[in-house]
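Chemist: The residues making up each chain are set out below.
Number of protein chains: 2
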Amino acid sequence: MRNVAIAGAGMTRFGKYTDRGLKELTREAVTAALDSAGVPKEALEVAIVGNAAAGLITGQECIRAQVVLRSMGIDKIPMVNTENACASSSTAFQLAWLYVASGMYDVALALGVEKMYSEDKARTMAAFSAGVDVEGLRELMQQLKPPSERAAGVPSGAGTSRSLFMDIYAAGARTHMAKYGTTKEQYARIAVKNHNNGSLNPHAQYRERYSLEEILASPMVSEPLTRLMCAPIGDGAAAAVLVSEEKIAQYTTKPVWVRGTALASGSDHRDVDGGISARAAQKAFVMAGMTMRDVDVLEVHDASAAAELSLYEELGLCAEGKGGRLIDEGVTEIGGRLPVNTSGGLLAKGHPVGATGVAQIYEIFLQLRGEAGDRQVAGARVGMTENGGGMMRGEAAATTVHILSL
Amino acid sequence: MRNVAIAGAGMTRFGKYTDRGLKELTREAVTAALDSAGVPKEALEVAIVGNAAAGLITGQECIRAQVVLRSMGIDKIPMVNTENACASSSTAFQLAWLYVASGMYDVALALGVEKMYSEDKARTMAAFSAGVDVEGLRELMQQLKPPSERAAGVPSGAGTSRSLFMDIYAAGARTHMAKYGTTKEQYARIAVKNHNNGSLNPHAQYRERYSLEEILASPMVSEPLTRLMCAPIGDGAAAAVLVSEEKIAQYTTKPVWVRGTALASGSDHRDVDGGISARAAQKAFVMAGMTMRDVDVLEVHDASAAAELSLYEELGLCAEGKGGRLIDEGVTEIGGRLPVNTSGGLLAKGHPVGATGVAQIYEIFLQLRGEAGDRQVAGARVGMTENGGGMMRGEAAATTVHILSL
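Chains as they are written, first to last, in our numbering: chain A, 8 to 413; chain R, 8 to 413.
Next comes chain A alone, as it looks inside the complex (with noise of 0.2 Å):
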């Protein structure tokens, strides 16, 4: 296989877009990457496009890039649609850098758009439920209350799909203190991180900073974890154009290659196998030839607090039961040893689903073309974004990992 780089990427902010649809989202996005990559959309010989909901917010499945990438002009090249839920546009990544780096293709778009607000809320909340098992849902709901809800016989949260995902988070983050002593001081400390970093961020969703207090006192979503511990639902876009080695020169200088990408499926927990991640990362760095070590900067899926610092153990940041003393001694703050989420991450920045995983990955192409402006990282040559997607018995259902370098 041949090397592949990032020529350009590009996204929306991230929000509420009560005015705007998928394909207005989608042109300011691709054409945001287009620029940044130098290259004509007449060059581009293959898209792949990840959404995760728009079958059930609009009701358009199926052939989803078509439609948004033609209503700007872009079509007849080959055009591929892939869901692996909030993977769904890494999983793209993936494919356009495998279309590319297998010689069949030398420029590629990958694009995750993506629309979770609807006027009907129902839908929206449907959205938020596609990412499991169906059959599996009902089940799951009820081995994941609390123990006092399990016995007063409250529904979980408010019975809807997001706080589903939240009491999973949640419910892991109480065996994770009952087991180590960490403290929701410590899962509060990690969304003053990043929603710090989301206010020096321009497309965040959310820029306004946060006191420990105020992070702790937010209303409950499913104890330990309040709202602003939790990823938000949110509207956007972003967009990545990938172009082989041969042909990188013809359009920038300032290349950002692809050292690793790998995709895993959740099934075993992480005491059977090490976790979904730990495996997605460990394929990815023997392909990029690399360990943590090498990392200088890190995009992490943080649908909760709660994800982030178990994300810290189980990618080997630090060892099993230390993520909370990793967050106190600010490592992973801007300025710290390994800065993670500077982006604010899904906690600040947003998260809709399927835009998420190329957003990551934007995040990381600024780092290290050292225009991440005030968020910039001194220095970074190598990042890496893991992105989760879906739930299955407690994991995600697909994750992916990529290594990227200058």
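Because the hints were derived from the structure by calculation, they are not lab data. One thing to keep in mind: the hints can contain errors.
[As the list claims (entries may be wrong)] Straight-line alpha carbon distances no greater than 20 Å define the calculated SDA-like cross-link-like pairs of lysine to any residue that follow: (1) R:83 to A:83; (2) R:83 to A:254; (3) A:290 to R:49; (4) A:254 to R:8; (5) A:83 to R:280; (6) R:128 to R:49; (7) A:83 to R:281; (8) A:290 to R:51; (9) R:83 to A:51; (10) R:290 to A:335; (11) A:290 to R:113; (12) R:290 to A:51; (13) R:83 to A:286; (14) R:290 to A:52.
Here the structure of chain A is known, so what remains is to put chain R in place on it, guided by the hints.
Modeler: This is chain R only, laid out in the frame that chain A set:
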């Protein structure tokens, strides 16, 4: 890129399965494909799954591959969910080929699985509309009504999406009849041929033979297309196991090689650029180093008899306007110079949309291995599939062409 072979393939019989879901259909098709290949499920390194309608039928979006494959003990490996409407699983097949051709993996599974039947008939109908640009739907339906209905203000067909697709095909047929003198009997003859072929195929949904008079006398769907000239609704699954040239000898002594693979998206009409199927075929032939003259057996996307006749011309089996004569001369019958849809095609074998692409490949796989029983094409060495999906501006949104050979 390296050579890739189909080691094995399998499918369920297509039909109406009120008592079987996606998991049961998957298990049967994948087990048959693995058995055919001599590949244990533990040897699979990546799986790509095409499905178009589960989101609308069962609510299962996003992680369909993981849900259906885990149920038969296939997990942890990378899984990609892909959609391209009726071309979903042939797109999955191209991706499986790409993962192996690139050198990334040696053994890949491509699966198409679909349930169209639902106790809630509105869901089945919604699934049929999923392959169109939903925003453009209303306008299109108005344009496509036969003039008599338009004048009388009659709703298009029964107002269902199924009749929308058939209205599109019927409008094309009426134009063809007016321009070239093509007759209703010639369209009916295609249906006679495909139902006859289907009667020889144990996996076909419908195995009855019909006379020309019976085809013409079946209920009118959209003039000139009667019900027996239109593909039925169906459930089913089809799977193929792809293996690299380095590893193929471990599994089979009868590989079928993938010589060409192409995916195109629609936009301009046939009079502008030759049509999406012609474009896809041209790319696939260049890759294979072959022309249509090399092809011994061909499966095309006969969602209606009108589509098959149109494809004769678009793919260059005959000149523009001569499709009617081609069927009259028996060229595309088993025993003719170039048999088309020996499986019974979509008309008789059935059309569970996401499963159709790999089911076409299964038919060619059998034909090239000399395992097609009573419908065997003597001495077939090169086969081809054409699979169209979705609809934009009256043309397919996605079309794949695959060329296979011994």
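Chemist: Give a verdict on every hint.
Modeler: Results for each hint:
Distance restraint check for residue 83 (chain R) and residue 83 (chain A): the Cα-Cα separation of roughly 35 Å exceeds the 20 Å cut-off, and the hinted pair is therefore not satisfied. Of the pairs offered as hints, the one joining residue 83 (chain R) and residue 254 (chain A) is violated, with about 35 Å between alpha carbons and a cut-off of 20 Å exceeded. The suggested pairing of residue 290 (chain A) with residue 49 (chain R) holds, with an alpha-carbon distance near 18 Å, which does not exceed 20 Å. With a C-alpha separation of about 18 Å, the suggested pair residue 254 (chain A) and residue 8 (chain R) falls inside the 20 Å cut-off, and the hint holds.
With a CA separation close to 10 Å, the supplied pair residue 83 (chain A) and residue 280 (chain R) stays within the 20 Å bound. The suggested pairing of residue 128 (chain R) with residue 49 (chain R) is violated, with an alpha-carbon distance near 39 Å, which exceeds 20 Å. A hinted pair counts as satisfied when its Cα atoms are at most 20 Å apart, and residue 83 (chain A) with residue 281 (chain R) qualifies at roughly 12 Å. Taking the CA atoms of residue 290 (chain A) and residue 51 (chain R), the gap is about 16 Å. The hint holds against a cut of 20 Å.
In summary, the hint linking residue 83 (chain R) to residue 51 (chain A) is not supported, as the alpha carbons are separated by about 33 Å, beyond the 20 Å threshold. Between residue 290 (chain R) and residue 335 (chain A) the CA atoms are separated by roughly 57 Å; this puts the pair beyond 20 Å, and the hint is violated. The suggested pairing of residue 290 (chain A) with residue 113 (chain R) holds, with an alpha-carbon distance near 16 Å, which does not exceed 20 Å. Between residue 290 (chain R) and residue 51 (chain A), the direct Cα distance comes to roughly 16 Å. Compliance with the 20 Å bound is thereby established for this hinted pair.
A C-alpha spacing of about 9 Å is found between residue 83 (chain R) and residue 286 (chain A), which places the hinted pair at or below 20 Å, so the restraint holds. A C-alpha spacing of about 13 Å is found between residue 290 (chain R) and residue 52 (chain A), which places the hinted pair at or below 20 Å, so the restraint holds.
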